[in-house]
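**Q** Chains as they are written, first to last, in numbering that gives the first Met the number 0: chain C, 0 to 74; chain H, 0 to 179.
What the hints contain is simulated information worked out from the structure, not anything from laboratory work.
Do not take every clue at face value.
[What the hints assert, rightly or not] Listed next, the in silico DSSO-like pairs over lysine-lysine satisfying Cα-Cα at most 27 Å (straight line): (1) C/25 to H/144; (2) H/73 to C/53; (3) C/63 to C/53; (4) C/63 to H/73; (5) C/53 to H/45; (6) H/73 to H/45; (7) H/45 to C/63.
Predicted model only: the values in this text are computed from it and were never measured.
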Amino acid sequence: MTMTDDNGGKPRPGGGPKGRDVHSVKLNREIQGQLGDQLRQMYNDVVSQGVPDKFVDLLSKLEKGGSDDSEESSA
Amino acid sequence: MNVDPQIRDEILKTVPNLRAFAVSLSGNVDRADDLVQETLLRAFAKIDSFQPGTNLSAWLFTILRNQFRSEYRKRRREVEDADGKYSDKLKSQPEQIGKIEFSELRRALDKLPDDQREALILVGASGFSYEETAEICGCAVGTVKSRVNRARTRLAELMAITGAEDFAPDEMTRGVLVDS
Numbered sequence: 000m001t002m003t004d005d006n007g008g009k010p011r012p013g014g015g016p017k018g019r020d021v022h023s024v025k026l027n028r029e030i031q032g033q034l035g036d037q038l039r040q041m042y043n044d045v046v047s048q049g050v051p052d053k054f055v056d057l058l059s060k061l062e063k064g065g066s067d068d069s070e071e072s073s074a
Numbered sequence: 000m001n002v003d004p005q006i007r008d009e010i011l012k013t014v015p016n017l018r019a020f021a022v023s024l025s026g027n028v029d030r031a032d033d034l035v036q037e038t039l040l041r042a043f044a045k046i047d048s049f050q051p052g053t054n055l056s057a058w059l060f061t062i063l064r065n066q067f068r069s070e071y072r073k074r075r076r077e078v079e080d081a082d083g084k085y086s087d088k089l090k091s092q093p094e095q096i097g098k099i100e101f102s103e104l105r106r107a108l109d110k111l112p113d114d115q116r117e118a119l120i121l122v123g124a125s126g127f128s129y130e131e132t133a134e135i136c137g138c139a140v141g142t143v144k145s146r147v148n149r150a151r152t153r154l155a156e157l158m159a160i161t162g163a164e165d166f167a168p169d170e171m172t173r174g175v176l177v178d179s
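Looking at chain C on its own, in the form it has when it is part of the complex (with noise of 0.2 Å):
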């Protein structure tokens, strides 16, 4: 999506919203391409962190000390 114009958005005769909706169906499928992409780059970012340390220690301690889930840090 590039910005051809230089006119400062100013409205040019012959260019009313005839044809508005056509137009906005057009853009929401292309806004719809790029939402995607955007939300599976979100979440990816994400998982590429990969498993933090804290998630590691704390599965070892599960499989260790079992059902001591009463560790909270009430600090």
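Start from chain C and add chain H according to the hints.
**A** Using the frame of chain C, we list chain H on its own:
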């Protein structure tokens, strides 16, 4: 509690995805990590109810999703009590979602109803099938499909509006953008 080491490893492998799901749902890394921790505790506590050979990942996502739902309900009550203080706090921490470029998407996601947001994330980002998503959300497959569709349409509308505010001062420019 004795947990099969193989299952333990599989759970560990699912953690990055659980975190991503939690961040996408809550928009807040700290809250997301709390959700993941709670999910792991619960998973271990009721590991006996998991049937080996079935979808472990979907099982874990279900726990996290239910945890988020019940916490969210609790928090909403707190927010009402605290006169919107919680949402102010959220607004002041945009860096917590990672990159600033996602802030627009984040704001739009937050405007979706819970059921639509979770369906969209599970299908659109986590890569679950409609069937798996239906299982996780406890609803019919057709319901998932319509939620995802509504979420996509609504998000596109929201992004079109903010997008127009950002780079297109009026309808004219939007027309030009689409034509090009």
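**Q** Among all the numbered hints in the text so far, which are the ones the structure does not match?
**A** 4
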